[in-house]
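Number of protein chains: 2
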Amino acid sequence: LQEQKILLKEKKVGKQSILFEKKPALLSAATVAGPKESLGPLATEFDRSYADTIIKEKSFEDAERHMMEEACYLALGKGGLTPDDIDFFIAGNLLNQIITSSFCARKLSIPYLGVFSACSTLTEGLALGAMLLEGGFAGHLLISTSSHNSTAERQYRYPTEYGYQKPGCAQWTVTGAGAVVLSSTGGGPRIEAATIGKVVDGGIKDPNSMGTAMSLAAADTIYNHFIDLEREPTYYDLIVTGDLGGIGKKANEDILARKGFEISSNYTDCGVLLYYPHQQVDAGGSGCACAALVFLGHFYKKMFKKELRKVLLVATGALHSPTSYLQGESIPTIAHAVSLES
Amino acid sequence: LQEQKILLKEKKVGKQSILFEKKPALLSAATVAGPKESLGPLATEFDRSYADTIIKEKSFEDAERHMMEEACYLALGKGGLTPDDIDFFIAGNLLNQIITSSFCARKLSIPYLGVFSACSTLTEGLALGAMLLEGGFAGHLLISTSSHNSTAERQYRYPTEYGYQKPGCAQWTVTGAGAVVLSSTGGGPRIEAATIGKVVDGGIKDPNSMGTAMSLAAADTIYNHFIDLEREPTYYDLIVTGDLGGIGKKANEDILARKGFEISSNYTDCGVLLYYPHQQVDAGGSGCACAALVFLGHFYKKMFKKELRKVLLVATGALHSPTSYLQGESIPTIAHAVSLES
Numbered sequence: 023l024q025e026q027k028i029l030l031k032e033k034k035v036g037k038q039s040i041l042f043e044k045k046p047a048l049l050s051a052a053t054v055a056g057p058k059e060s061l062g063p064l065a066t067e068f069d070r071s072y073a074d075t076i077i078k079e080k081s082f083e084d085a086e087r088h089m090m091e092e093a094c095y096l097a098l099g100k101g102g103l104t105p106d107d108i109d110f111f112i113a114g115n116l117l118n119q120i121i122t123s124s125f126c127a128r129k130l131s132i133p134y135l136g137v138f139s140a141c142s143t144l145t146e147g148l149a150l151g152a153m154l155l156e157g158g159f160a161g162h163l164l165i166s167t168s169s170h171n172s173t174a175e176r177q178y179r180y181p182t183e184y185g186y187q188k189p190g191c192a193q194w195t196v197t198g199a200g201a202v203v204l205s206s207t208g209g210g211p212r213i214e215a216a217t218i219g220k221v222v223d224g225g226i227k228d229p230n231s232m233g234t235a236m237s238l239a240a241a242d243t244i245y246n247h248f249i250d251l252e253r254e255p256t257y258y259d260l261i262v263t264g265d266l267g268g269i270g271k272k273a274n275e276d277i278l279a280r281k282g283f284e285i286s287s288n289y290t291d292c293g294v295l296l297y298y299p300h301q302q303v304d305a306g307g308s309g310c311a312c313a314a315l316v317f318l319g320h321f322y323k324k325m326f327k328k329e330l331r332k333v334l335l336v337a338t339g340a341l342h343s344p345t346s347y348l349q350g351e352s353i354p355t356i357a358h359a360v361s362l363e364s
Numbered sequence: 023l024q025e026q027k028i029l030l031k032e033k034k035v036g037k038q039s040i041l042f043e044k045k046p047a048l049l050s051a052a053t054v055a056g057p058k059e060s061l062g063p064l065a066t067e068f069d070r071s072y073a074d075t076i077i078k079e080k081s082f083e084d085a086e087r088h089m090m091e092e093a094c095y096l097a098l099g100k101g102g103l104t105p106d107d108i109d110f111f112i113a114g115n116l117l118n119q120i121i122t123s124s125f126c127a128r129k130l131s132i133p134y135l136g137v138f139s140a141c142s143t144l145t146e147g148l149a150l151g152a153m154l155l156e157g158g159f160a161g162h163l164l165i166s167t168s169s170h171n172s173t174a175e176r177q178y179r180y181p182t183e184y185g186y187q188k189p190g191c192a193q194w195t196v197t198g199a200g201a202v203v204l205s206s207t208g209g210g211p212r213i214e215a216a217t218i219g220k221v222v223d224g225g226i227k228d229p230n231s232m233g234t235a236m237s238l239a240a241a242d243t244i245y246n247h248f249i250d251l252e253r254e255p256t257y258y259d260l261i262v263t264g265d266l267g268g269i270g271k272k273a274n275e276d277i278l279a280r281k282g283f284e285i286s287s288n289y290t291d292c293g294v295l296l297y298y299p300h301q302q303v304d305a306g307g308s309g310c311a312c313a314a315l316v317f318l319g320h321f322y323k324k325m326f327k328k329e330l331r332k333v334l335l336v337a338t339g340a341l342h343s344p345t346s347y348l349q350g351e352s353i354p355t356i357a358h359a360v361s362l363e364s
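Just so you know, the protein sequences line up as chains A and B, in that order.
Heads up: the first sequence begins at 23 in this note's numbering, then just goes up one per residue.
Heads up: the second sequence begins at 23 in this note's numbering, then just goes up one per residue.
Keep in mind that the hints were calculated from the coordinates and are not lab data.
Heads up, some of the hints might be wrong.
Coverage of chain A stretches by chain B, computed from C-beta distances (three or more under 8 Å per stretch; other residues unrestricted) [stated by the list, open to error]:
(1) 90-101
(2) 126-138
(3) 149-161
(4) 344-351
Only some residues are given here: those of chain A computed to face chain B with a beta carbon under 8 Å [as the list claims (entries may be wrong)]:
(5) Ile76
(6) Ile77
(7) Lys78
(8) Glu79
(9) Ser81
(10) Ile218
Coverage of chain B stretches by chain A, computed from C-beta distances (three or more under 8 Å per stretch; other residues unrestricted) [claimed, not checked]:
(11) 70-83
(12) 292-303
Ideal Cβ positions, reconstructed from N, Cα and C, are used throughout, including at glycine.
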């Protein structure tokens, strides 16, 4: 078996990682942000900003879908493309049965691959997409993810009207959507490696402590990324996690330091960057749109301008459901990493 | 763009299809069935059968997870493999946040790619898996899906204790799980082509008419499969849909006949085959496990024995959620097809 593996898996490196030769490009990207996000430090970075969370739709779910559809069409437009030019649409989101993505796929009418890894959906999509392009199965892919504070609150927690008080370790689910066109050719930052995460569960049961729970997955994936590819943290200009928030970010740093990798000097987290402290988001932002808005809205542009050359993006997801929580289960978490260069 | 596309997408054929050269093999497969399934016409085909739906677990959700885990370990064992030999675990299921798959991935500790396309998850997994193997990104993959009547009923409809009476067009969600090891080498039926479905929505809003709703997606995917690959229905020994049931099967036949493809002579549906009429499943079986039990338990073995040489497997999924239904939305549907040969 081992010989067979070595023979066949020329692109797989180590236990969890892939190295790309052709390095698919992030040709164009777009972001659509909600009201709170549009008042934060990255306010000027988004392609569209809304002053309210329902944006003239009938429901928050419709508003989330509106945002994903808009992000998709904007990303296509920036790339000079139409849905017809796209081979596959890879998307996912937090809502039950990933309805935002599926209804968006209905509108786009592009062959559709639904994915789910909670808030690590963006990097799952990018990693899978890069494999499909590198493998010659597609020329252009559209990848999208979204979240909405009000749809997530009522699905995962309580109706917002209850005014439920959260502890300081809780995070604020980001309202917004991001979309990116991945291409086998063309300009833009390129995906040169990916590390697919394992599910990690430290026994944490408190859904208000997701940053801490997900820090274990982030640290596991980043550690295995370094081991698989024989890299040090300094290989990257920036390592950025998806939505660990302030507490999870610190935990991730600490775990990796104990494992021999000091990342604090070139490490940040999207959930820490998206809001000002006075915006009362407790430990920071979370949700699929957190990494989407901050990476695609902010760091992606810096990569385009070559202000950043090598970035490791590690979106992180908590894979529990309200049912598994109520049944006393702990929170399984995952993180997928993609290494980008420009 | 068009030239670029032609140049780069050597493996993509037409709008939605992929042709595989190396043709990844379904090395080993296993099925675990619930009580009703174990009293049906295929009772002797399953690797493990349970006489009740809770199988000594604390909840139906735990029981579903138990079945998926068992199917995975059985499939690995039949292939002479352990979780360590598997590069990626690709899985999905019907439950919110696909918890069955994610908790199973926690146990297996294999790098995990969560997917969701409702009851077409099996073929989404097979198609994606075949691309990852063909592209050289993996040597062995484990693909699994499951459903459970009691977890699905309470999530999508009513607690079973209510004794809700269903109309005759409703279907019975299958209790069970299936798992299959996909390999870049080795024996077993091989995946030689795949067609990725578009989301199709005929405006049907009744969640008790999912067979009819999904028949539109099945017909669309099968039609595009024939067009993309320039094939006729007679190319296949068997065309088998996932869970259209009696009503949806007839609708699918009728739509394709009107589009110029007469499939009725070599076409069947997993949801029609799984139960006896006296088992009171109304229009037939449904759920992710429907295609998994019938294809992996029954037709897969026939392919191994070369009693069937060419099979087109088209699992079908309804992508609505209880929320989208309650908000007055119609049911978006999808079908992914894989062409197998032995």
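Evaluation of the provided hints:
| no. | hint | verdict |
| --- | --- | --- |
| 1 | 90-101 | violated (count 0) |
| 2 | 126-138 | holds (count 10) |
| 3 | 149-161 | holds (count 9) |
| 4 | 344-351 | holds (count 5) |
| 5 | Ile76 | 13 Å, violated |
| 6 | Ile77 | 16 Å, violated |
| 7 | Lys78 | 16 Å, violated |
| 8 | Glu79 | 10 Å, violated |
| 9 | Ser81 | 6 Å, holds |
| 10 | Ile218 | 4 Å, holds |
| 11 | 70-83 | holds (count 3) |
| 12 | 292-303 | violated (count 0) |
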